[in-house]
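So in full-length UniProt numbering, spot 164 of the sequence shown is number 164, and the numbers just go up one at a time.
All clues given are correct.
Between beta-carbon pairs, the in silico distance windows are:
1) Lys53 to His225: 55 to 63 angstroms
2) Glu39 to Asp111: 30 to 38 angstroms
3) Arg17 to Arg105: 25 to 33 angstroms
Since the hints were derived computationally from the structure, they do not count as laboratory data. Virtual Cβ for every residue (Gly too), placed ideally from N, Cα, C.
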Amino acid sequence: MLRSYDQVLDRVRSGGRVTLAVASAEDMEVLRCVAMAREEGICDALLVGDPSKIGPMAKELGLSDLPVIADPDPASAAVTAANEVREGRAQVLMKGLVNTSDFMRGVLNPDKGLRTGSLISHLSVFQIPGEDRLVFHTDGGINIAPDLEAKRGILRNALSALWALGYERPNVAVLCANEQVNPKMQATVDAAALVEEWGRGEFGSCVMEGPIALDVAISPEAAHHKGIESRISGQVDLFLMPNIETGNVAGKSLIYYAKAQMAGLVLGAKAPIVLTSRAETARGKLYSIAMACLVSQGAR
1 MLRSYDQVLD RVRSGGRVTL AVASAEDMEV LRCVAMAREE GICDALLVGD PSKIGPMAKE
61 LGLSDLPVIA DPDPASAAVT AANEVREGRA QVLMKGLVNT SDFMRGVLNP DKGLRTGSLI
121 SHLSVFQIPG EDRLVFHTDG GINIAPDLEA KRGILRNALS ALWALGYERP NVAVLCANEQ
181 VNPKMQATVD AAALVEEWGR GEFGSCVMEG PIALDVAISP EAAHHKGIES RISGQVDLFL
241 MPNIETGNVA GKSLIYYAKA QMAGLVLGAK APIVLTSRAE TARGKLYSIA MACLVSQGAR
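Given the sequences, and given the hints that come with them, work out the whole structure.
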């Protein structure tokens with residue numbers, strides 16, 4: 001179990017050096033995060049983009065020794081950076097100053113990208129003040145209204161990441177508005193189907209419950225008051241969201257009301273991908289890099 005981002009940083013440092021490939025690296029905020037990651041001792045980096053723009057920024061940040069691959073066109077730089085990961089010269093891919101759709105097209109390029117055939121999904125990580133563990137949410141960033149098959153893919157991606165992070169048997173809550181299966185609430189039908197499949201061993205090593213409401217998943221007291229017996233209440237590692245709205249609102253509520261620190265990564269490709277929001281703090285971006293590095297180390 002991971003209890004804090006400090007623990008994540010410590011584990012990455014002891015797990016062997018990881019190289020980060022940055023697509024369209026001519027972005028001061030991204031390069032500042034790369035500099036922080038190097039100072040923390042968690043990764044090296046190679047930069048892809050316009051050398052005439054990257055050079056002065058890198059010099060200012062003490063990154064002049066990093067290799068720069070010249071590819072001034074942002075869309076092309078995304079393909080080039082993805083190919084560096086594909087060829088094993090880097091282990092983690094990070095988005096720089098490139099449009100997200102162009103970046104993802106580079107990731108999924110059939111010849112040079114990181115396509116695996118798996119669904120691409122987003123995993124959010126939260127360190128919440130007062131809590132004794134990191135908490136994982138999926139998917140509040142990519143898949144808008146996943147059907148049952150998409151939820152299977154999202155779950156498999158997230159579980160693979162948690163296993164790589166050292167969780168041998170993570171607790172998974174398939175979130176819904178309540179615990180009753182209601183044909184008018186598709187999320188409850190999907191949750192029951194996923195838990196039935198888990199019972200047949202289709203999701204590997206984890207403990208899964210659903211449909212389960214957020215209060216029951218978080219609070220053993222709430223479970224007791226509602227007369228619900230749960231093996232995971234108060235000990236959930238991974239929350240599977242029914243749709244992107246729920247994931248987005250839940251995540252932002254933790255950040256802005258509970259003052260949680262978020263990290264995030266994109267899963268389902270041949271390597272972890274760091275794709276952060278412009279609104280994300282520098283520390284948040286650093287922690288996203290660290291989580292991606294730790295997943296990469298654990299997947300080797």
